[in-house]
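> Protein sequence lines correspond, in order, to chains X and L. Numbering of the first sequence is given in full-length UniProt numbering, commencing with residue 1 and proceeding in unit increments. Numbering of the second sequence is given in full-length UniProt numbering, commencing with residue 1 and proceeding in unit increments.
By construction, these hints were calculated from the structure, which means they are not laboratory data. Any given hint could turn out to be false.
Unchecked claim - Computed far set for chain X versus chain L, every beta-carbon distance over 10 Å:
#1 HIS15
#2 ARG17
#3 LEU21
#4 LYS23
#5 GLY41
#6 GLN51
#7 THR52
#8 GLY57
#9 ASP58
#10 VAL62
Claimed, not checked - Restraint-style ranges between C-beta atoms, simulated for each label pair:
#11 PRO49(L) <-> SER47(X): 18 to 26 Å
#12 GLU9(L) <-> PRO13(X): 31 to 39 Å
#13 LEU144(L) <-> GLY29(X): 38 to 46 Å
#14 TYR113(L) <-> PRO13(X): 27 to 35 Å
#15 GLU199(L) <-> ALA48(X): 27 to 35 Å
#16 GLY57(X) <-> ALA230(L): 51 to 59 Å
#17 MET59(X) <-> TYR113(L): 22 to 30 Å
#18 ARG141(L) <-> ASP4(X): 51 to 59 Å
#19 TYR168(L) <-> PRO13(X): 47 to 55 Å
#20 LYS67(L) <-> ARG46(X): 44 to 52 Å
#21 GLY126(L) <-> ALA20(X): 26 to 34 Å
Cβ coordinates follow ideal geometry from the N, Cα and C atoms, glycine included.
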Amino acid sequence: MPPDIEITLNGEPRHVRDAALSKVLETCGYQGVGFAVAINGEFVPRSAYTQTAVNPGDMIDVVAPVAGG
Amino acid sequence: MDKLSLYGETFTSRLLIGSALYPSPAIMLDSVRASGAEIITLSLRRQNPAQQDGKAIWDYIRSSGCKLLPNTAGCKSAKEAVTLAEMSREIFQTDWLKLEVIGDDYTLQPDPYGLVEAAKELSKRGFKVLPYCTEDLVLCRRLLDAGCEALMPWGAPIGTGQGLLNKYNLGMLRERLPDTPMIIDAGLGAPSHATEAMEMGFDAVLLNTAIAKAHDPVGMGVAFKLAVEAGRAGYNAGLMLKRQTASPSTPTIGMPFWRRHD
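Could you put together the complete structure from these sequences and hints?
Here's what the structure looks like:
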C-alpha cells in the first residue's frame, strides 16, 4: 500500500495515496471531462494525467466553467 | 454587409455579452437571445466534485449557441493568466481568449506590463487574444506588437456603469489606430453609452452588468441591441460637425413679416 501524502486541493489540505494524478483525481471524485487541472500553477493537459506524479506539498487546482463577464 | 470582423471571423451583432450576475440562468439565456449577441464571455473557477451547480449555467451558456469567449478574470500576473488560458482552451475547445491581467483591486485596472507579457506568450502559443486594456495608446500599440489583432479598451472600471470616462483618449485611440478592431469593454451602464461608443467609430461593445443588473434584463438586452445598431448606423452615416453658434435649419430667405429696420 503506498503511503499517504499531504497535498493542497483547491486551497484545502488533503491526504491522498501517493499515486499518479489520474488516480488522485479519481479518488477525490473528479470524473468526466468538465474540468481542467494545474499543479503548482502549471497547466497539466488531460493527456498527461496518467504520467504525472503527484508529490507531497503539491498545490492542485481543479477548475470548471462558471458564468463570467 | 457591415459586419464585425475579428480574427478572420465575421459577426452580424456588434454587441458582446457577459454571462454573469443574472437573477437566474434562464433569464441569462433569454437576455442573451434578446440582445442578439453572438459572442458570450464566461470563466473558470475552482470546483469541488460535490458542487454541481456550475453545470447548469454551463449548459445554459452552451445552449445560447454563441461563440465562447473565455476570460482570465481575476488573474494578477502573466503567469496566472497563461495557465488559466491553457485550462480554458482545453475545456472550451477554443483559442479565443479575453485576456485580463488585473493590476489594482480597487479599480480593477488592467496591469499594462503583465498584459503585454501575457499577450506575447499566448499569441506565441496560438491563442487569439482580445486584451482588456486601458485606453492608453502606447499600451495598445505594444499589444498589437505582441500579436493581438483586436483590442478591448475600457470605458470605465468594471461594473461601475459610468460610461465613457475618457472620451479624449478614446477618440485619439480610434484616430491613431483606424484599422484595428476595437471593442469598448467594461463600464457601460446605459444604452446611450453603447450608442456613444459606436458613434465614435468603435467596432463593438462588450458588457455584462448593465444588462444583468437591470430591473428587466431581457428588456435591457433589447435596449442595448437597438442602441448598438443605432450608434453604428449613425457612425456609418457620418455625424455632422459640431458648431459653437446657432445656425437656423429653416431658410431665412423669404421669411414673412420681415422688414428693413431703420
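> Check each numbered hint against the structure and report the violated ones by number, ascending.
5, 10, 12, 15, 20
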